[in-house]
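Using the hints, put the two chains back together into the complex; each one sits in its own frame.
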Amino acid sequence: MGALIRAHDWSQTSLGSPDQWPVSLRTTIGIVLNTRFPMFLYWGPDLVCFYNDAYRPSLGINGKHPTLLGKPAKVFWAEIWHILEPMINQVLSGGGATWSEDQLIPFYRNGTIEDIYWTFSYSPVIDEEGHPSGIIVACSETTEKVHTFNKIKDSKNELEFAIDAAELATWDLNPQTNKFIGNERIKHWFGLNGDDDVELSDAINTIAPNDRDRVSKAILNALQPASGGKYDIEYTIIDPHTQAERVVRAKGKAQYNEEGVALRFNGTLQDITEEVIARRKIEDAEERARLALDAAEMGAFDLNLTNGNTVTSPRFNAIFGQDEPSNHSKYLAKLHPDDRYTRERAYAQGLKTGSLYYTARVVWEDSSIHWIEVEGKVYYDAARKPVRLLGTVIDVTKQKDAEEELARFKFMADNASDMFMLTCANGVFDYLNQEALKQLGYTAEEAATLTLKDIDVQYDQDVFNQSFLLAQKEVISQFETIYRRKDGSVYPVEINMVGLILAEMPYLFAVARDITERKKAREERVKTNQRLEIALEAGRLGSYELELATGLMTCTPQCKANYGLDASATFNFADLMAVIQPDYRDMVKQKVTAAVETHSVYSTEYQVKWPNGTIHWVSASGKASYDENDKAILMVGVTIDITEQKLLQQQKDEFIGIASHELKTPVTSIKAYTQVLERILTKKGDTQEAGMIQKMDAQLNRLTSLIADLLDVTKINSGRLQFNYTWFDFNELITEVVEDLQRTTQKHTLTEDMKPTGKVYADKDRVSQVLVNLITNAIKYSPHSKDIIIGTRLNNEEVVVSVKDFGIGISKEKQQRVFEQFYRVSGEKQHTFPGLGLGLYISSEIIKREGGRIWVDSEEGKGSVFYFSLPVNRPANNIG
Amino acid sequence: MKKIMIADDDPGIVDAVEIILDFEGYQVSSTVNGATLLDMQTEFPDLLLLDIWMSGFDGRDICRELKHKQSTCSIPIIMISASRDIERSAYEAGADDFLAKPFEIEDLLGKIKKHLKDN
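Just so you know, the protein sequences line up as chains A and B, in that order. Just so you know, my numbering puts 459 at position 459 of the first sequence, and the rest follows in order with no gaps. Just so you know, my numbering puts 53 at position 53 of the second sequence, and the rest follows in order with no gaps.
Isolated chain B, as found in the complex (with noise of 0.2 Å):
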């Protein structure tokens, strides 16, 4: 089984988002807080959902880091944002996929999808 991770401040879309992975199998794992990622030693994410703007914390700075990390570099990272302007900056950080909110669930289920299988 597939784990995922969600890092979104908002609790009603990582509720939501729990719900739905949960629903079509998947092992979800999630937090508001950004700062929890980059301090991951184990129990890396088979792929991480990150929103870009979290409190105190700006998505893309920390998916650069992870993406220094030799850890977690490998982690296919999908940013997600309620603005469609930042896609480009997202790409630049290094993010693998982007999504806008509010976003469809079967686009969601359709990128997850085609990371996991990538990697």
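The following block holds chain A by itself, in its conformation from the complex (with noise of 0.2 Å):
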């Protein structure tokens, strides 16, 4: 500046050039160079403008400097003469010196006018008259200043302004006077004065005496370096004027120099008591809430839905069967798995209506089952997004086991045969199944009016009363009565009574069982048994009737005659036993036994021995009858005397013996004479005699044959077939038979096809009889074919023989019957074939009794294979 300033042509000016300058100017001038705080300079009348190089910048660029240097103030300050005037010529008039701090100023600068702040003085300098000639302004620019400043106090004000706005109390404690500043708010709320300062204990005192203490603990503690300098309480303060409660929440927060000692504690207070009440009030409300659903044993839940988050009341955990409570998912967990489904049904119902409701089964620990129901109501924030879930869960069990058993019981009585009804102490009906209905010809509608009385013929008011009462006492006895349909038809009816409970309502439960059928059999079994006893009179059968669990008998005179008891006798099963001979007890005990458990009849023929000391044959026979659970009760039957039949028996059985004796004694004699002639004959040399003689003998074994069939069918009808059993060696009998019988004809071939069989226990004759009578019917059946074959094997335990021919066969119809008594190949044929029809039977019975099978398999007019097997050995019980 000091460059331009001697380069600048001053004469121009007021005041002319430098030389003609009076000293206080140029000492003015040098100090302002000099000096490193911006100055600027006015002199002269029309006020000069000077100015230092430390006032050069707020002259901005493209500004004031440097054209205006050396101008007067008024063409200086053009823009803001108005403003300064006043001023300059204020410190002109002898006003002195002035100070004047962020003023205002702009002008124009940097291209613009811009806002400037400046602190500033005008001083006056005295020129050598002792007059001010000029001013010197020692100035600043302060406008970031004021602008930061601004900036500050506009902060502030938001920040008063948001404080107000959140309702919030602020207060700024000095931890080292234990004095605290605050807002409005903070001292109304303490009832403090409008002092700036406030004692600390004054508003502790303020406080809520059961708050102070511990206020004045946190805040204490707040003040150490180790809490972290954090505080936040809540209190109670009660207004000193009006001595309303109100609860506040205090945070603040400490700050610390390097010794750790507090320096500054400030912090907000908000009144919380609105959310106080209201949170005290939901949890009274909860509380009673709770009280009031454990009263009614219902288990409260409160579910959060955004964190799964469960509370619940201790009834609800014990329908759970927890003592303590879990969580959300363990809960879930105890659902039964088949209502799984369920519940997530309800629950996604429940999500979108608001409304949650659905049964399901919970399992407690130790597996019983527990059905609950489940009713909650949905909460939605306000974007409708459902936050909680409050609702109440109670144990039905017991009513879901009483809808069950109720429900079994409807379906079993609605598919019951008989009739149930439940009765009130009115006689009238509360519940009639389908059966009942139906038997009595009403439909539902109808049957809600019935009364006992309209459907009992034998109806009588004071009997039901009576029944109705000792009913629900004792155990009545069943009866029977008469029922009415609805169409005015009579049927008789069984009923069994009991009287019963229900909902603390005294009922009578009954059962009528429709009897028309049991009427109807009881009587035809009445006319029966008489039939049946004439019928016995008549053929002088004794009946009885034996229980079989005592013993006891009941029998006709007839029967006890036929033991030659009297009428009067007693006669029961161990006195029977008594009379039967020994021999034959245990078998008479075996045939019973035996027919009881296959449920047949049982039948038998024993000896007796009468009182007078004479044996007689009885014959007896009987049948079991049985209870629902198949024992047998009863042993019902017959008895006849049949001692003379058996004597009878006897004497033809002796007749046959002594018959088939005579018989065989004239065709010895004969066969003899025969064998001599044939002797003698051969010995002659008469070989055709002898041949014609052969003949005979041939045919008078024939005879002999015959006569022995007729011996042996009379044998064993009379079971007096007897065996003979010795070991022997099988297929040397079968050998030795076929060797026999082929010598018997020319035309047939009888080939063997044997297979080892070893040893057998049998009766050697009776089975060379068997297989001489197969092998005879193969030949004779054989009239067009030649071939026999007869084969044996050994199977398991049983030697198998077959005789197989190429005759005429046998139809499959009469393969069955082929070993019946008397069965003769029947058709045209039928007189061509001789023989008495005796054989196969014999063979038959020979076998069976034997112990073995015999059995044919054949195809007509291809040829029959005949088979018979034996045990090797003896069977265990020979049939005799």
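Quick caveat, the hints were computed from the structure, so don't treat them as lab data. Values in this document were obtained by computation on a predicted structure and should not be read as measured data. Careful: at least some of the hints might be erroneous.
Estimated spans, in silico, between C-beta atoms of each pair [unchecked claim]:
no., chain 1, residue 1, chain 2, residue 2, range
1, A, ILE534, B, ARG64, 53 to 61 Å
2, B, LYS117, A, THR687, 26 to 34 Å
3, A, GLU813, B, LYS117, 52 to 60 Å
4, A, THR726, B, LYS117, 22 to 30 Å
5, B, ASP85, A, LYS695, 29 to 37 Å
6, A, ILE789, B, ASP85, 56 to 64 Å
7, A, ALA698, B, THR36, 49 to 57 Å
8, A, LEU706, B, LYS117, 34 to 42 Å
9, A, LEU706, B, THR36, 30 to 38 Å
10, A, GLN746, B, THR36, 30 to 38 Å
11, B, LYS117, A, ALA698, 38 to 46 Å
Ideal Cβ placement from N, Cα and C applies to all residues, glycine included.
What follows is the structure, given as structure tokens:
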């Protein structure tokens, strides 16, 4: 600037050239130029402007510098002269120095008019005459400072506004003085006057007595660096004027110096009275609700849908079979697997509609199953998002079980074939099952008004009332009565009743069975019995009824007479056993037992000793009757004295024995003569005659055989077929027989197909008799074919013999019957085939009684194979 | 020559058998009366053919008796009967063999030969 000033042409100014300048001016300029503080100088009547380097920046760029240097102030400060002039004049007129701080004096710089703040002083410079000739201005620009200050002020205002809007009280505690300052609100709350500082202790005294200690401690704690300076506490203030309670939440932070001493502690206070009141209200309400729920045996739950937290009442936990609460997923896990879907569906529905309802089973730890009924309400936030589920749970196991039981009962009742009826004390029907409606002929609607009187023909009010009361106390015995149907027809029923209590009311439960059939049957039975008795008497059959459990027998006089007893004599099973001859006792017991077990007819003959010492034969038969459990209760049957028949039979048998003997005698002698003759003739050389005699012998053999068959048949029929068992080589016997028989025929060829069979224990003669019969038959019935094959084989424990021919065969239907007595080939050729028709019957009986089997495989026109099998060893029980 | 006795109440059989045995070279004696057998003191046969059912007598009883008697116990006895069923009882009575009627001459001769040889 010095250079600029020196270079400037001052001659054009009011000051003239510098050499004309007064000393004061020159001195002042010198001061101005040499100071590092921004300075400005006005001099002369027109206030020529000087300024130094330090001042220059304030003029900006493209502004007043340097063109306006040396110009009068009016020109220099043209835009703000109106502001400056008064000030300058004041100074010049002896007003003394001025001081202005942070004045806004905008002027042109940097291409525009800027808002510039100045802190400056105007000081008059006294010239030699002692008059102020100029003004020296020391100034500095405070624009930034001002802006910053303004910003801070604005922020402060905003903050205060915010605090106010948030209704926060602010406080600022000086830990050294224990005094704090705060906003209006805090003072208001604490009922303190508007002084700047408040004693902490005063404030604390306003706090509710219960909280004071706590707050003091919290403050002290916050002032310790160890606490981190944090302060967050709720307490109650009692307004000293109104005694109103105000709950506040204090939050603050402390600041420490390096030594860890708290320098500053400030924060906010928020009135949470309403919140607290609301919270307490909720808590109370919840508590009351809980109590109420508990009383109603309901469990309550509060499920936070956003975080899944569950709060449950003790009752809820109990319903889930737990002592302690658990969590949402654990509760859900207790649901019965089959009911999980039900719950999920209900839950989804609940979230949509806001109402939750479902029933499900929960399985406790001990595996017991309980039914629960769940009801809940869903709460939504402003965005209609479900946030909370509040609900109740009750244990309805009993009801469910009762429901199920009732359902089961109803199902059973409706499917029963008897009538089920439930009657109230006044005789009105509370329930009639399907069968009842059906039998009586009423519809369900009609039945709604039916009473017992309507259907029971024999109904009597007093009797009914008595029975009703009695039934509640004891078991009533079964009885019969008559029911009337809707159409007026009547039918007999059998009633079983029992009294019971349902929902604390007495009822009569009755089962009525239609016994029409039973009655009919009963009557029939009576009639039948009568007829039977008549028949029995006519046939001299004695009938008996034996109680199997006790051995007691009821016998008709005829029955007792069969045992030689009077009608009046006692005759029970034990007595019967005593009179049966020892040999037969076991057999009788066995046969009775067998018949009972196999549900078949028991029939046997045995000898008994009459009281008079005579032995009689009795034929007894019977059949058991069984109860519902298939246990035999009674044996009912007939007995008849067959002594005469037996005698006759014996006579017959004896006769047969004699007859056969008699028949065989002449046959024997004829045979003997025949054989002698044959020898003589052969010796004599009369071969032809010898041959004829041989044929005679053969015929005699046939005769013998026929006689033997007759004898056998009667033996079989009288059970007198006897066997003589020996061990013999089976195949050897077969071979013998085959050889013998081959001699009887030239037309046929008997071939053997024998596998090893070893030794057999059987009646040799009878076995050979059977084989002879079969082979003879094979020969007889193969008039046009030649071959007959006899085979033997061993099959496990039996020998099997087969006789195969290629003769006329037997049709399928007739195959069943070939082994019957007297059965012969029938049809056209009947008479052409000789024979009595006894052979196969006898063979069959022989084989059967030796414990074997006999059967045939045949095709008409193709031939037959006859088989028989015999056990290698004698069977365990020989049938005889 | 061996002596064979036949006891059977049927004259037809007795006659026929006599002829056969005679033919075969045996000396034959016969009786229709069972009691005669028990009365025998001397002239014992070498073999006895004994019918079981003889009028008034049971051949088995006779057999037992004969077997008991010292003098006759060594005589082989072949029992004959129309019934096969009593074969066992015949043996039980002490018979040495059994034949069922009607019999084959061959069988008879065979048995006679056998028992004579054994003795």
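Now the hints, each set against the structure:
1. The hinted range of 53 to 61 Å is satisfied by ILE534 of chain A and ARG64 of chain B, whose Cβ atoms lie roughly 57 Å apart.
2. A beta carbon spacing of about 32 Å between LYS117 of chain B and THR687 of chain A agrees with the range 26 to 34 Å that was offered as a hint.
3. Look at GLU813 of chain A against LYS117 of chain B: about 58 Å separates their beta carbons, and that is inside 52 to 60 Å.
4. Our hint of 22 to 30 Å for THR726 of chain A and LYS117 of chain B holds, since their Cβ atoms are close to 24 Å apart.
5. Between ASP85 of chain B and LYS695 of chain A the C-beta distance comes to about 30 Å, which sits within the given range of 29 to 37 Å.
6. Between ILE789 of chain A and ASP85 of chain B the beta carbon distance is about 33 Å. The supplied range of 56 to 64 Å is therefore violated.
7. Between ALA698 of chain A and THR36 of chain B the beta carbon distance is about 36 Å. The supplied range of 49 to 57 Å is therefore violated.
8. The hint said 34 to 42 Å for the Cβ distance between LEU706 of chain A and LYS117 of chain B, and at roughly 36 Å that hint holds.
9. Range check, LEU706 of chain A to THR36 of chain B: Cβ separation about 35 Å, and the 30 to 38 Å hint holds.
10. Evaluation of the 30 to 38 Å hint for GLN746 of chain A and THR36 of chain B yields a failure: the beta carbon distance comes to about 48 Å.
11. Between LYS117 of chain B and ALA698 of chain A the C-beta distance comes to about 31 Å, which lies outside the given range of 38 to 46 Å.
The structure shown violates the earlier hints numbered 6, 7, 10 and 11.
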